[in-house]
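Enquirer: So you can see what is in the structure, the chains are spelled out below.
Protein chains: 2
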Amino acid sequence: MDYGLPLLKALLEHFKKLPGVGEKTARRLTFAVLAMEEEEVRDFAETLLQVKERIGSCRRCGNLAESEICEICNDSSRTDGVLCIVERPADLYILESSGQYRGRYHVLHGVLSPLDGIGPEDLNLERLEERVKEEGIREVIVATNPSIEGDTTALYISRMLKRYSVKVTRPARGLPLGSSLEYIDSGTISKALEGREPI
Amino acid sequence: MDYGLPLLKALLEHFKKLPGVGEKTARRLTFAVLAMEEEEVRDFAETLLQVKERIGSCRRCGNLAESEICEICNDSSRTDGVLCIVERPADLYILESSGQYRGRYHVLHGVLSPLDGIGPEDLNLERLEERVKEEGIREVIVATNPSIEGDTTALYISRMLKRYSVKVTRPARGLPLGSSLEYIDSGTISKALEGREPI
Chain A
-13 MDYGLPLLKA
-3 LLEHFKKLPG
7 VGEKTARRLT
17 FAVLAMEEEE
27 VRDFAETLLQ
37 VKERIGSCRR
47 CGNLAESEIC
57 EICNDSSRTD
67 GVLCIVERPA
77 DLYILESSGQ
87 YRGRYHVLHG
97 VLSPLDGIGP
107 EDLNLERLEE
117 RVKEEGIREV
127 IVATNPSIEG
137 DTTALYISRM
147 LKRYSVKVTR
157 PARGLPLGSS
167 LEYIDSGTIS
177 KALEGREPI
Chain B
-13 MDYGLPLLKA
-3 LLEHFKKLPG
7 VGEKTARRLT
17 FAVLAMEEEE
27 VRDFAETLLQ
37 VKERIGSCRR
47 CGNLAESEIC
57 EICNDSSRTD
67 GVLCIVERPA
77 DLYILESSGQ
87 YRGRYHVLHG
97 VLSPLDGIGP
107 EDLNLERLEE
117 RVKEEGIREV
127 IVATNPSIEG
137 DTTALYISRM
147 LKRYSVKVTR
157 PARGLPLGSS
167 LEYIDSGTIS
177 KALEGREPI
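So the sequence lines, in the order shown, correspond to chains A and B.
First residue of the first sequence: -13, per the working numbering; consecutive thereafter.
First residue of the second sequence: -13, per the working numbering; consecutive thereafter.
Source of the hints: derived by calculation from the structure; they are not laboratory data.
Watch out, some of these pointers could steer you wrong.
Where chains are identical, the list cannot tell them apart; a pair therefore holds if satisfied intra-copy or between any two copies.
[As the list claims (entries may be wrong)] Keeping only pairs whose Cα atoms sit at most 16 Å apart, straight-line, the calculated EDC-like set for lysine to aspartate or glutamate is: (1) -5 x 82; (2) 153 x 66; (3) 153 x 61; (4) 153 x 115; (5) 3 x 29.
With these hints in hand, go ahead and build the complete structure from the sequences.
Expert: Given below as structure tokens:
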């Protein structure tokens, strides 16, 4: 798709860089933009710029924040003393959507991955150790992804915090609700059997 | 998802207005923007604005154009005398991607739809009649969608052009390639049988 419309082609290429957007979806989105009101597109573009310019990291936990300290760190109704560690801000919002957790968070901005050259110094770990020391943390829940890198990072954190009297835990691994055994991989089945609970 | 981040929420809402984008996809796209380089986002926003500001309609055929006349109307290698009528510019690009058609186009910017209050005067029809008169058109292929509105519009056009010596045709209806009879609706099957061809 070009036909003397390099602008349209440029917009299509921008959409194609977004995750899960291929040629066809990008084309649909591009034409949708053309059909939008000018005011609406102006507002969209402005929001894109502002999001990038004004959203930074919370100085305390590394979560997204429009000011120095994020809303969750500032929220006095949340439980102190428990930290949930996540890889990325997006994971934090997924955990929040369950409504189950009311403690504080700490965002690593990555996981240990020697193959990609990502070591402990590249993650938000120094600040984590300071927080454990200073904030009287009793428990650290390491909610990194249940992947090799996530597990390695969890192990690293549990060793790093050994010298402090803090419990380090990991969310249970097992069968996802609504799933069917037929479609579950054997590693998950093993974990689910290992962690079996009385009815 | 809000958490003191109205900007993030605003961007998410903008993405949700795009076709086929729900809450989850919008969230993924929003976080992707946060992870992009600032330069990249700036360029994306700028392209959005420019697409809307600088792309207009071709004065001759109604196709998208960055100047008065679109690239297809300007292309001297294309066959004159044949017009393919489409509902929207997006349809034109889909036809172009087949590489089958080398004539000119005419974009209606809609279809007749009495229920939505869209009559002949709302479509790019007057200009069509002028072109048939002035450009020595021999054939008009009405490639509106194979829907009730598309068929109605095609019928309207064929009547409108009756007084000129122009052949009005419609693309064949039948079984899509690679499809399976099991999943084809009975209307399409009827059309395919009606239009059967010797092997």
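Enquirer: For every hint, state whether the structure bears it out.
Expert: Now for the hints, and whether the structure bears them out:
| no. | hint | verdict |
| --- | --- | --- |
| 1 | -5 x 82 | between (38 Å within a copy, 15 Å between copies) |
| 2 | 153 x 66 | within (14 Å within a copy, 79 Å between copies) |
| 3 | 153 x 61 | neither (23 Å within a copy, 72 Å between copies) |
| 4 | 153 x 115 | within (13 Å within a copy, 80 Å between copies) |
| 5 | 3 x 29 | between (21 Å within a copy, 12 Å between copies) |
Violated hint for the displayed structure: number 3, the only one.
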